[in-house]
Amino acid sequence: MTVDDAGPVLNPVLAEGQRHGGIAQGAAQALLEEVRYDGDGNPVTSNLADYAAITATELPSFELVAMETPTGLNPLGVKGIGEAGTIGATPSVQNAVIDAVAHLRIRHIDMPLTPERVWTAIDEAQKAGTQ
Amino acid sequence: MKVTITVNGREVAADVEDRALLVHFLRDAAGLTATNVGCDTTSCGACTVLLDGESVKSCTILAAQAEGPAVTTLEGLAGAAGEMHPVQRAFHEEHGLQCGFCTPGMVMALVSLLQENPHPTEAEVRTGLEGNLCRCTGYHNIVRAALAAADAR
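Going down the list, the sequences are from chains A and B. For the first sequence, counting from 1, position 3 maps to 3 in our numbering; every step adds exactly one. For the second sequence, counting from 1, position 43 maps to 43 in our numbering; every step adds exactly one.
Just so you know, these hints were derived from the structure itself, not from any lab. Errors might be hidden in some of the hints.
With the Cβ distance kept under 8 Å, some of the chain B side facing chain A (calculated, not the full set) [stated by the list, open to error]:
1. Ser-43
2. Asn-117
3. Thr-121
4. Glu-122
5. Cys-136
6. Asn-141
Quick reminder that beta carbons are idealized off the backbone N, C-alpha and C, glycines included.
Bound conformation, chain B alone (with noise of 0.2 Å):
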C-alpha cells in the first residue's frame, strides 16, 4: 500500500507491505537511521519518536496508522544551523550516553517529557524514562542529563 507521512517536516511517500511497521518506514523508506530497532516488542524504547509532539514507541504503529500526525525523529531535533537541541546538548555535556544506542529512544523520550512536566523532579524523570532501557550506563548521567536540560530551558 501507499504510505505518505510528514517526517521532520517533509513529506516522505512510499509503497510499503502493510503489516510495515513505523520503524521500518523512517529507516528504508526515509532513510532516517537515528531510531533504532531495539526488541521490537515494545520493552525497550530505542525506536522512540514523537506523533505531534508525544513520545511513540514506533515499532508498535503501523507506517499506515502514521499518516496524519506529524513524526520527528532525532534529525528533526537540530535547528536549521545544526545546533543542538537543549536535551542532545545536556547528552553531551552530562555524558548520558555509553554505547549510544539507546540515546536517540532516550533523548525523544524526554523532549517530550519536559514537554509534559518542563521542571520535573528527580523521580518524575526517572518513572518518565521507564519505557526506555540502557545496558550501560545505569541511567545516572541519562538522569542527570534530563534534569540539566530541564534547568537549561
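Only chain A is shown next, with the shape it has when bound in the complex (with noise of 0.2 Å):
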C-alpha cells in the first residue's frame, strides 16, 4: 500500500500508472538492480541477462491511496508525481528485509538484497551467535 500526494490530479488513470511504475523501480532498486563494473573497471551488467532488471513475477499488485493537497508554491498547487513513488518504495523494501533479519541482530545490508547478500548476513550472524 502507498500514498502520494502530487497536488491535484487531472488525470487519475495516468498519475496512478506514474505510481505503479515508481513504486515497482524503487522495489528494484532495493532487491535486484545494481550497475556493477570488474575491477579493470569494465561494466559487468552491460545488457539485460546480466543486469536484472525486475519481471512481473518479483512484483504484487499494489493498492493506492489518493491523497490530492495543494501546494501554495505555484498558482495550479501541483506536485510532482513520476518519481514519487521510487523515493518511498526503496527504504520500505530496505527495511521490511532488516526487519525480517532483526532477530539475529543485523542492523544493515547493503542494497540490493540480493539473496547470496541476505544470505552471507544471516550465516555470518548465526556463525558469530555461536561463537
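With the hints in hand, could you dock these two chains into one complex?
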C-alpha cells in the first residue's frame, strides 16, 4: 500500500500509472538492480541478461491511497508524481528485509538485497552467535 | 538466401542474409514494425510473435527457421473490420501501457498464455509474463488487462 500526494490530479489513470512504475523501480533498486564493474573498470551489467531488471513475477499488485493536497508554491497547486513512488518504495523494502532479520541482530545489508547478500548476512550472524 | 514466410495469412518472400533474424525479416522485408527490437538478446520480450499460435521471441529465431509455421504479429490480431482482439481491448481499457514499447510483445505473450490457460490466476499471469520486461507500468495494469481479457472471453 502506498500514499503519494501530487496535489490536484487532472488524469487519475495516468497519475496512478506513474506511481505503479515508480513503486516497481524503487522496490527493484532495493532487491535487484545494480550497475556493476569489474576490477579493471569494465561494465559487467551491460545487457538485460546480466542486469537484473525487475519482472512481473517478483512484484505484487499495488494498493494506492489517493491524496490531493494543493501546494501554495505555484498557481496550479501541483507537485511532482513521476519519481514519487521510487522514493518511498526503496527504503520501505529495505527496512522490511532488515526487520525480517533483526532478531539475528543484523542492522544493515548493502543494497541491492540479493538472496546471496541476505544469506551471507544471516550466515555470518549465526556464526557470530554461536561463538 | 530466399526465404518465404507466411505472416498474418500473407506469404512474404525476400532475399535475406543467412543470419537474418525473424524480427528483422518482419520489420524490414514484411514491413510490419509493431514487433520491436528491444535487447536483441532474448531478455526483454519486445519482439514476441506467435508461431502456430505459440509465443516466440523473434530475435532468437532465424528467418529461415520460420518457413513453414504460420507467423502472427500484432498487426494480425485485429479482425477484418479493424475490431480489436480482446487482449488489445483490455490493454486499452485498463491502460496497460505507458510508453508502449513493450506492448506488442506483452499482447502477443498474453494471447498465447490465454490460449494455453484461458482463466489464469494473477500469479499465473505474472509467471507467464516473466520473459517480458516493462519499465513503465510496474506490470500492475498489464496484469489487470490480462485478467480482464480472460474474463471477457
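Interface restraint verdict for B:Thr-121 against chain A (beta-carbon cut-off 8 Å): violated, 12 Å
Going by Cβ atoms only, is B:Asn-117 closer than 8 Å to chain A? violated, 15 Å
Please check whether B:Asn-141 passes as an interface residue: C-beta within 8 Å of a C-beta belonging to chain A. Cβ of B:Asn-141 sits 6 Å from chain A, so the hint holds.
Using 8 Å as the Cβ threshold, decide whether B:Cys-136 counts as touching chain A. The hint holds - B:Cys-136 has a Cβ within 8 Å of chain A, the shortest such distance being about 5 Å.
Given B:Ser-43 as an interface hint, is its Cβ closer than 8 Å to any Cβ of chain A? With a closest approach of 4 Å, the B:Ser-43 hint holds.
Report holds or violated for the interface hint on B:Glu-122, using the least CB-CB distance to chain A and a cut-off of 8 Å. holds, 7 Å
Hint violations for this structure: numbers 2, 3, all remaining hints satisfied.
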